[in-house]
Amino acid sequence: MNRLTQLLEAALFSAAHPLSVDDLRVVADGASREEVGEAISSLRAHYDDGGHAVELIEVAEGFQVVTRPTFAEAVADAQIVRRPRKLSRAALETLAVVAYRQPVSRAEIEEIRGVSVEGVLRSLIERGMLDVVGRGDGLGRPLLYGTTPLFLELLGLRSLDELPRLDELSVALRPPSERSGPAEP
Amino acid sequence: MNRLTQLLEAALFSAAHPLSVDDLRVVADGASREEVGEAISSLRAHYDDGGHAVELIEVAEGFQVVTRPTFAEAVADAQIVRRPRKLSRAALETLAVVAYRQPVSRAEIEEIRGVSVEGVLRSLIERGMLDVVGRGDGLGRPLLYGTTPLFLELLGLRSLDELPRLDELSVALRPPSERSGPAEP
Amino acid sequence: MSVSAGGVTTDTPFVVQVEAFSGPLDLLLHLIREQEIDIADIPIATIADQFLAVIDQFGLNDAADYLEMAAQLIRIKIQMLLPRPFDDEEWEDPRAELVRRLLEYEQFREVADWLATQASEHASRFVRGWIPEPPDQPPRPIVMELAELLLAVERVVEAMPEPILHRVVPRPLDVEGATARIRSLFEHRDELGLTEIVGPGASIADLLSSLLALLELARTGFVRLAQRQPFGSVIIRRESTDAAA
Numbered sequence: 001m002n003r004l005t006q007l008l009e010a011a012l013f014s015a016a017h018p019l020s021v022d023d024l025r026v027v028a029d030g031a032s033r034e035e036v037g038e039a040i041s042s043l044r045a046h047y048d049d050g051g052h053a054v055e056l057i058e059v060a061e062g063f064q065v066v067t068r069p070t071f072a073e074a075v076a077d078a079q080i081v082r083r084p085r086k087l088s089r090a091a092l093e094t095l096a097v098v099a100y101r102q103p104v105s106r107a108e109i110e111e112i113r114g115v116s117v118e119g120v121l122r123s124l125i126e127r128g129m130l131d132v133v134g135r136g137d138g139l140g141r142p143l144l145y146g147t148t149p150l151f152l153e154l155l156g157l158r159s160l161d162e163l164p165r166l167d168e169l170s171v172a173l174r175p176p177s178e179r180s181g182p183a184e185p
Numbered sequence: 186m187n188r189l190t191q192l193l194e195a196a197l198f199s200a201a202h203p204l205s206v207d208d209l210r211v212v213a214d215g216a217s218r219e220e221v222g223e224a225i226s227s228l229r230a231h232y233d234d235g236g237h238a239v240e241l242i243e244v245a246e247g248f249q250v251v252t253r254p255t256f257a258e259a260v261a262d263a264q265i266v267r268r269p270r271k272l273s274r275a276a277l278e279t280l281a282v283v284a285y286r287q288p289v290s291r292a293e294i295e296e297i298r299g300v301s302v303e304g305v306l307r308s309l310i311e312r313g314m315l316d317v318v319g320r321g322d323g324l325g326r327p328l329l330y331g332t333t334p335l336f337l338e339l340l341g342l343r344s345l346d347e348l349p350r351l352d353e354l355s356v357a358l359r360p361p362s363e364r365s366g367p368a369e370p
Numbered sequence: 371m372s373v374s375a376g377g378v379t380t381d382t383p384f385v386v387q388v389e390a391f392s393g394p395l396d397l398l399l400h401l402i403r404e405q406e407i408d409i410a411d412i413p414i415a416t417i418a419d420q421f422l423a424v425i426d427q428f429g430l431n432d433a434a435d436y437l438e439m440a441a442q443l444i445r446i447k448i449q450m451l452l453p454r455p456f457d458d459e460e461w462e463d464p465r466a467e468l469v470r471r472l473l474e475y476e477q478f479r480e481v482a483d484w485l486a487t488q489a490s491e492h493a494s495r496f497v498r499g500w501i502p503e504p505p506d507q508p509p510r511p512i513v514m515e516l517a518e519l520l521l522a523v524e525r526v527v528e529a530m531p532e533p534i535l536h537r538v539v540p541r542p543l544d545v546e547g548a549t550a551r552i553r554s555l556f557e558h559r560d561e562l563g564l565t566e567i568v569g570p571g572a573s574i575a576d577l578l579s580s581l582l583a584l585l586e587l588a589r590t591g592f593v594r595l596a597q598r599q600p601f602g603s604v605i606i607r608r609e610s611t612d613a614a615a
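Protein chains in written order, with the numbering used here: chain S, 1 to 185; chain P, 186 to 370; chain R, 371 to 615.
Chain S with its partners taken away, still in its complex shape (with noise of 0.2 Å):
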């Protein structure tokens, strides 16, 4: 390991969030991406080949070091760590709309779910993984909800680019136009 690839190893295990290329640079020094992107691809491959329970991933746009997965049941049947709690449908579900549609309304939320989503949206909020990212045009300028780095980081997602496209999901999903049937003539 070269001292680079050292500093960047101290700093992706001190930091409470994944680390983008451009605060690693402030931590080497102003070292350039190219320079630090040789140096995350030195660790990560230092992780994978000498057989480590640790492994460097792409998170929420930046870069974490994280245990492999197939360790996950040990360590919390020890209970060294507690598995985060699942998020309830409810939740995923103003999540995946918040995720397709930012920046949204809450009204529009609750019309595509065809529920209130006051009380799942103070708690997503307040769980760091929704904040209101502005005001909207409309009557009394609703506010406007968008996902945080945290949602990309909970989720494992790189960015908002790794949702899968909605033409992509299931055949059920066409649009009646595509469909026969008196919906569409």
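Hint data in this document are derived by calculation from the structure and do not stem from the laboratory.
Keep in mind that a hint or two might mislead.
So the derived label-pair ranges between C-beta atoms look like this [as the list claims (entries may be wrong)]:
{"id": "1", "chain 1": "S", "residue 1": "Arg-101", "chain 2": "R", "residue 2": "Ala-517", "range": "22 to 32 Å"}
{"id": "2", "chain 1": "R", "residue 1": "Gln-405", "chain 2": "S", "residue 2": "Glu-58", "range": "37 to 47 Å"}
{"id": "3", "chain 1": "S", "residue 1": "Gly-51", "chain 2": "P", "residue 2": "Ala-245", "range": "26 to 36 Å"}
Take a look, some chain R residues computed to stay more than 10 Å from chain P by CB distance [what the hints assert, rightly or not]:
{"id": "4", "residue": "Arg-445"}
{"id": "5", "residue": "Glu-467"}
{"id": "6", "residue": "Asp-560"}
It should be emphasised that the depicted structure is a prediction, and the values quoted were computed from it without experimental measurement.
The C-beta atom is built at its ideal place from N, Cα and C for all residues, glycine as well.
Using the hints provided, position chains P and R relative to the given structure of chain S.
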């Protein structure tokens, strides 16, 4: 690295505190003290020989993987680099109230904002944007707060006179005819 | 808990698990998919009756969201019974909007499943459990924009109880004029300081007009408010035309 060494690495990495040999035996599915001891030596050697920025140390309560002291600066940088440079919504709203109502007591701010502002007030004073400017006449002669020159400087204003007046602001930003019901949480 | 509500008004029995529902659209979709009904040609009378039977059996009658949907189903059911015009081309299917909503919702439900899988996979990767205390160093310099403060003022004013609201006094504000003036200033330059825009010795009304115009221009993406260095003054920069989106 054998499986036992990997398990210890995963456990030591994800644990919030040092782990004793007995803790580690639980993770390692009842391995003997000797086996755990060997795996610890092996992991330590791995970190030392591989030139890692982290090392395995023994403290009073057990074993822990920590960054080496030579990388203290990188560690500090990594923790500072993500520290927010933007004020939170709560801080901005408190600042807004003080800017327009100064000199103002904490109780008055809390009455207007409807929430406790103790923490946010202290943080704004620490950051040099607010300061104590006097004492009120009321019961217990409460401390009164006001904005500092730094506050103006950050906004690029020459004086407080340059702030728009509250009544002008509310009428202009939002016609009264459009105001309906309580604000969203 | 599951219940068979078969035979209420249909020949096909169906089974529902109430805890699985995240709302009336979810329940409706369940009924449709469970019975392999063509979503483009929903037998609305049957589905409406089944829907009512389920919310009755599960005591969802109090849930406003479910009741609203029940009312909508009944309305569509009635519309379907009305005689169609002779010219079938003119006929608008009363179910069309519901079908559109169901398909849209189903799409998001599928995304929610994808997110759940993703979350559970990622939950088996643990981050470092012990993060050292952040060092006691001065916090990074704050960046604050005037627009942020003004929006905060607006939020506070909105959240205030009515009696505290100030009397609203109309002022001779000329936001339109200020907007036009700022736009013309930007015809020749890409970047201006706040003081350049407001002008020396501006009246409060002028200043306010300019600020409001700026806020609006910033909101629509025409300009961006920024600070080049932490303690510098606010800089107003014209956004490149394609960045407005």
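Going down the list of hints, with the structure as the test:
In this structure the supplied range 22 to 32 Å holds for Arg-101/S paired with Ala-517/R, their Cβ-Cβ distance being about 24 Å. Remark: the range hint 37 to 47 Å for Gln-405/R to Glu-58/S is upheld by a beta-carbon distance near 44 Å. Between Gly-51/S and Ala-245/P the beta carbons are some 30 Å apart, a value that agrees with the proposed interval 26 to 36 Å. For Arg-445/R, the non-interface assignment is confirmed: its Cβ lies about 27 Å from the closest Cβ of chain P, beyond the 10 Å cut-off.
At roughly 26 Å from the closest C-beta of chain P, the C-beta of Glu-467/R stays outside 10 Å, upholding its exclusion from the interface. Distance check for Asp-560/R against chain P: the nearest CB is about 18 Å away, which clears 10 Å, and the non-interface claim stands.
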